[in-house]
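Student: Between the sequences and the hints, there should be enough to build the whole structure, so can you do that?
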Amino acid sequence: MDKSLLPNIYEFISQTYPFSQLNDLEKDATATKIEISYHAKDDCIENEDLAGAGLFMVRAGCVEERNKIDNSLRARLSVGDTFGFTQIDKEGESDYKVVFLENTLLYLIPKNVLQFLITKNKSVGDYFNSKEWIRLSSSHNYADEMSGNENGSYHNKSIDSVCTRDLAVVTKDTSICHTAITLGEHNTDLAMVMENEKLLGIVTKSDITLKAVAKALDINMPISTIMTSNVMTIDADKSIYDALEIMVMYNIKNLPVLKNSKIYGSVSTTSLLQNTQLQAIYLCQRITRAKTVDKLVRLSEQKREIFETLVQMNVKPHTIQKVMSHIADTFCQALIKIAQNKIGEPPMPFAFVAAGSQARSEVQFLSDQDNCIITQSEPDEKELAYFRELANFVNTNLDKCGYTLCDGNFMASNEKYLCSIDKWKEYYNDWILNTTQEAILASSVFLDMRAIYGNVGLVKELREHLVNKAKENSRFLATLVSISTNVAPPLGTFRQFVLMKDGNNNPYLNIKKQAINLIIELARIYGIAANCLSTDTYERLETAVKSDLLKEVDYKELAEAYTFLNHVRFNHQLRSLADGKELTNNINPEDLSQFERNHLRDAFRIIAKHQKAAQFRFAPGRGIL
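Letter by letter, the sequence shown follows residues 498 to 1122 of this note's numbering.
What the hints contain is simulated information worked out from the structure, not anything from laboratory work. This one's a predicted model, so the numbers in the text were calculated from it and none came from an experiment. Glycine included, C-beta positions come from ideal geometry on N, C-alpha and C. Keep in mind that a hint or two might mislead.
Here are the simulated distance ranges between beta carbons [what the hints assert, rightly or not]:
hint	residue 1	residue 2	range
1	E961	E561	33 to 43 Å
2	N564	E1079	32 to 42 Å
3	E880	T722	39 to 49 Å
4	N544	V1050	33 to 43 Å
5	Y779	N931	41 to 51 Å
6	R573	R795	43 to 53 Å
7	D586	E802	36 to 46 Å
8	R795	E561	48 to 58 Å
9	A526	D586	41 to 51 Å
10	E1079	R795	16 to 26 Å
Tutor: See below:
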């Protein structure tokens, strides 16, 4: 090889995943072993030139893979694409041939070199693993690299790396006054109330101010008088974002940290937010304190910045969805309180309920409203008028806050979805016992429900009713499977994406309808079959594993595919926001990196495989196998 070419080869592999994950010595060694070849338009590589050769990388130009039997198209490849790996263990005859569409420059990593790298470097090994879910898991490292997090996302570091170890510890008999002195000595906002090594409760500076000083309590009283019991904690090996997630969900400013089930330290929102620039916690606090709709509308403008920051920092897609869902919940709760201040207290116990993506805690920037109201008993006309006014107020003003009205009118302001628990049970009975695809499609959004205000027990009762009734009618689950599998992941016979066309005849795939929703629907089906009351997609799949409906590897496949697909969707949305384009779930594969396109194929194959498995397991007349 001409040594003058080595810098160009080194730079190319340094920018090409997974070889970018090699250390400098491995990159140097690999660059020296790469073989270079030039090919003219209409040239062909096949058989002994392809089988067992190694991994070909397109450095410049364009090629097609064609099946040898009928010359049908297998794949079209361009700069950065690779071929030959599936032929690496063959001899003599190859399964396909490669035809050059234009003058092309190839790099070849010989078989023995590639096999060495696979055994020595985990990123390379995962990328070329025969199991799709392991290949998809390698996308986490790729995402860190693309986001500039060379050592992995800050959020994914352990709490152990950032928690405060200087603890203010008092006993339950320590006076309020002495506790305040102890907090000052340790320059912290949080005191742990301990008995031997057991955490009894916590006290903050704010507690002393609001619960003791403001109420003129005797400061010599024991701190147990004002401490908070039943404390939320987190293990030291959890990630920073696990801590932030808990703080967002439960509006907590200080969180005790455990190690080996013992108090180890504490972490505060202030210290974390200084590093992460994440404003979700403070936004939720300001939403809760807002007294007017105008104030909420102004606060809603911060949702975009939070979403962009989370995606840019490569936070796990599931966590992004949960944070955005909690923000949506908080807006809804604030509007209900403003409405009640205006129209009075409710005439009976009720629950304001999220449906659809918000019920699954999967809100993202394109999510619209899906909600309903469940009342404890059938409301009379006067009571109905109250809930009608409440629902209209909330739905209208959620729209002003950026949560658009549902095109299908699946909202509490639709009186069909403002009714008693008994009426809701009748709806479920009708969908389950008189199963038709039309009925289920029309109301499938309400197969997922989560209470976000009011009587949580009403939703729990309804979820239990759904699960129990579904168990009695196997045809219901079979129909759900049939509806879901009517849509196939967009992967053609020859590993090409099957694309739709928009109004301008541009090709695209709808990553929500053609991929993400298919996993959500599979998880819902398995969750109902496994008696899972949770609406969380991952938890449904985990419950199915515990109920022996899925194997652990099935969970890993579907979970990794779901995570990767949402990662692609969120990065597509981030680019659209940056470019001032309309947000959409429609993606042109040409706008994706080759890494993303390759792994989309892995995700689609996983979905197709599990759709077939669900069709067999829940086939009509089989029951639940």
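Student: Can you list which hints this structure breaks, lowest number first?
Tutor: When the structure is compared with the hints, numbers 1, 7, 9 turn out to be violated.
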